[in-house]
Amino acid sequence: RKEVEQDPGPFNVPEGATVAFNCTYSNSASQSFFWYRQDCRKEPKLLMSVYSSGNEDGRFTAQLNRASQYISLLIRDSKLSDSATYLCVSNDYKLSFGAGTTVTVRA
Amino acid sequence: NAGVMQNPRHLVRRRGQEARLRCSPMKGHSHVYWYRQLPEEGLKFMVYLQKENIIDESGMPKERFSAEFPKEGPSILRIQQVVRGDSAAYFCASAKTGSTDTQYFGPGTRLTVL
Numbered sequence: 001r002k003e004v005e006q007d008p009g010p011f012n013v014p015e016g017a018t019v020a021f022n023c024t025y026s027n028s029a030s031q032s033f034f035w036y037r038q039d040c041r042k043e044p045k046l047l048m049s050v051y052s053s054g055n056e057d058g059r060f061t062a063q064l065n066r067a068s069q070y071i072s073l074l075i076r077d078s079k080l081s082d083s084a085t086y087l088c089v090s091n092d093y094k095l096s097f098g099a100g101t102t103v104t105v106r107a
Numbered sequence: 108n109a110g111v112m113q114n115p116r117h118l119v120r121r122r123g124q125e126a127r128l129r130c131s132p133m134k135g136h137s138h139v140y141w142y143r144q145l146p147e148e149g150l151k152f153m154v155y156l157q158k159e160n161i162i163d164e165s166g167m168p169k170e171r172f173s174a175e176f177p178k179e180g181p182s183i184l185r186i187q188q189v190v191r192g193d194s195a196a197y198f199c200a201s202a203k204t205g206s207t208d209t210q211y212f213g214p215g216t217r218l219t220v221l
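Line by line, the protein sequences are chains F and X. Going by our numbering, 38 is the number at position 38 of the first sequence; the sequence numbering is gapless. Going by our numbering, 138 is the number at position 31 of the second sequence; the sequence numbering is gapless.
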């Protein structure tokens with residue numbers, strides 16, 4: 001079983017729409033989680049950390065559900081520049097990456 | 108404040124040659140991680156190093172691959188006798204401390220084996 005599993009998508013949404021997707025993780029002892037984004041297979045860039053209490057950064061909201069072992073990301077008012085692959089990551093000093101969820105925002 | 112630096116950005120090798128990939132961590136970071144992304148796949152952990160120490164190499168292939176992070180200079184990922192299956196993007200990340208500190212990625216080295 002993979003450590004982190006994601007819905008690969010693709011999610012194809014119009015500008016201004018809200019898009020949300022999840023990932024699940026298998027290691028219940030994992031301590032911290034992140035969302036990274038990767039554009040055209042360039043280097044992953046940190047989008048935000050994920051906390052049990054939920055956290056928001058502008059149009060992005062991340063949530064961690066430890067009981068069900070899943071992590072979510074919601075993007076509001078999506079922009080063309082949000083088109084990317086979003087990587088769900090658990091951090092046990094070495095990062096375990098999901099395969100990524102592809103989001104395409106169309107004009 | 109330079110980020111993580113990797114060179115070369117692109118490397119072409121013929122089967123059987125050696126590939127050396129270099130990574131300079133961000134200033135003040137003493138923890139280096141190497142990840143590999145094969146075509147159409149996600150990133151996979153390879154090795155975790157601190158200065159002069161290999162902390163975890165559980166993701167490294169058993170043969171032909173080695174890594175070091177000397178007291179002075181960049182971290183080096185070395186692949187001997189490359190094969191076509193080694194073609195991938197190799198990313199280095201650095202962190203200020205170990206544990207679960209945020210890791211910042213370099214631009215990667217894209218290795219193509221002919």
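Hints are computed from structural coordinates only; laboratory data are not their basis. Don't take each hint at face value.
To give an idea of the interface, some chain X residues facing chain F are shown, with a C-beta separation under 7 Å as derived from the structure [to be verified]:
| hint | residue |
| --- | --- |
| 1 | Gly149 |
| 2 | Leu150 |
| 3 | Tyr155 |
| 4 | Pro168 |
| 5 | Phe172 |
| 6 | Phe198 |
| 7 | Ser206 |
| 8 | Thr207 |
| 9 | Phe212 |
| 10 | Pro214 |
| 11 | Gly215 |
Far from chain F, by Cβ distances over 10 Å, these chain X residues were calculated [said to hold, decoys possible]:
| hint | residue |
| --- | --- |
| 12 | Arg120 |
| 13 | Glu159 |
| 14 | Ile161 |
| 15 | Glu170 |
For each label pair, taking beta carbons as the anchor points, the in silico distance ranges come out as [said to hold, decoys possible]:
| hint | chain 1 | residue 1 | chain 2 | residue 2 | range |
| --- | --- | --- | --- | --- | --- |
| 16 | X | Arg171 | F | Ala107 | 45 to 51 Å |
| 17 | F | Asn65 | X | Ser206 | 19 to 25 Å |
| 18 | X | Asp208 | F | Asn12 | 32 to 38 Å |
| 19 | X | Asp163 | F | Lys45 | 39 to 45 Å |
Note that the Cβ used here is the ideal one computed from N, Cα and C, for glycine as well.
Going through the hints against the structure:
The criterion of a C-beta within 7 Å of any C-beta in chain F is met by Gly149 (chain X), whose closest approach is roughly 4 Å, and the hint holds. The beta carbon of Leu150 (chain X) is positioned within 7 Å of a beta carbon in chain F (closest approach about 4 Å), and the interface hint is therefore held. This hint holds: Tyr155 (chain X) has a C-beta 6 Å from the nearest C-beta of chain F, less than the 7 Å allowed. Contact between Pro168 (chain X) and chain F, as hinted, is not supported at the beta carbon level, the nearest pair being about 16 Å apart and thus beyond 7 Å.
Residue-level restraint check for Phe172 (chain X) is violated (minimum Cβ-Cβ distance to chain F is 16 Å; threshold 7 Å). About 6 Å separates the beta-carbon of Phe198 (chain X) from the nearest beta-carbon of chain F, less than 7 Å, and the hint is met. Contact between Ser206 (chain X) and chain F, as hinted, is supported at the beta carbon level, the nearest pair being about 6 Å apart and thus within 7 Å. Given the 7 Å rule on beta carbons, the hint for Thr207 (chain X) holds: about 4 Å separates it from the nearest Cβ of chain F.
Of the supplied interface hints, the one on Phe212 (chain X) holds, with its beta-carbon coming within about 4 Å of a beta-carbon of chain F, less than 7 Å. Because the smallest distance between the Cβ of Pro214 (chain X) and any Cβ of chain F comes to about 5 Å, under 7 Å, the interface hint for this residue holds. With a least beta-carbon distance of about 5 Å to chain F, the hint placing Gly215 (chain X) at the interface is held under the 7 Å criterion. At roughly 20 Å, the least C-beta separation between Arg120 (chain X) and chain F is larger than 10 Å, which holds for a residue marked as non-interface.
A cut-off of 10 Å between C-beta atoms confirms that Glu159 (chain X) is not in contact with chain F; the least separation is 18 Å. With a least beta-carbon separation of about 13 Å from chain F, Ile161 (chain X) lies farther than 10 Å from that chain, consistent with its non-interface assignment. The beta carbon of Glu170 (chain X) is kept farther than 10 Å from every beta carbon of chain F, the shortest such distance being approximately 21 Å. The given range of 45 to 51 Å is respected by Arg171 (chain X) and Ala107 (chain F), whose C-beta atoms sit roughly 47 Å from each other.
The hinted range of 19 to 25 Å is satisfied by Asn65 (chain F) and Ser206 (chain X), whose Cβ atoms lie roughly 23 Å apart. The given range of 32 to 38 Å is respected by Asp208 (chain X) and Asn12 (chain F), whose C-beta atoms sit roughly 35 Å from each other. Between Asp163 (chain X) and Lys45 (chain F) the C-beta distance comes to about 24 Å, which lies outside the given range of 39 to 45 Å.
Comparing the model with each earlier hint shows violations of hints 4, 5 and 19; every other hint is respected.
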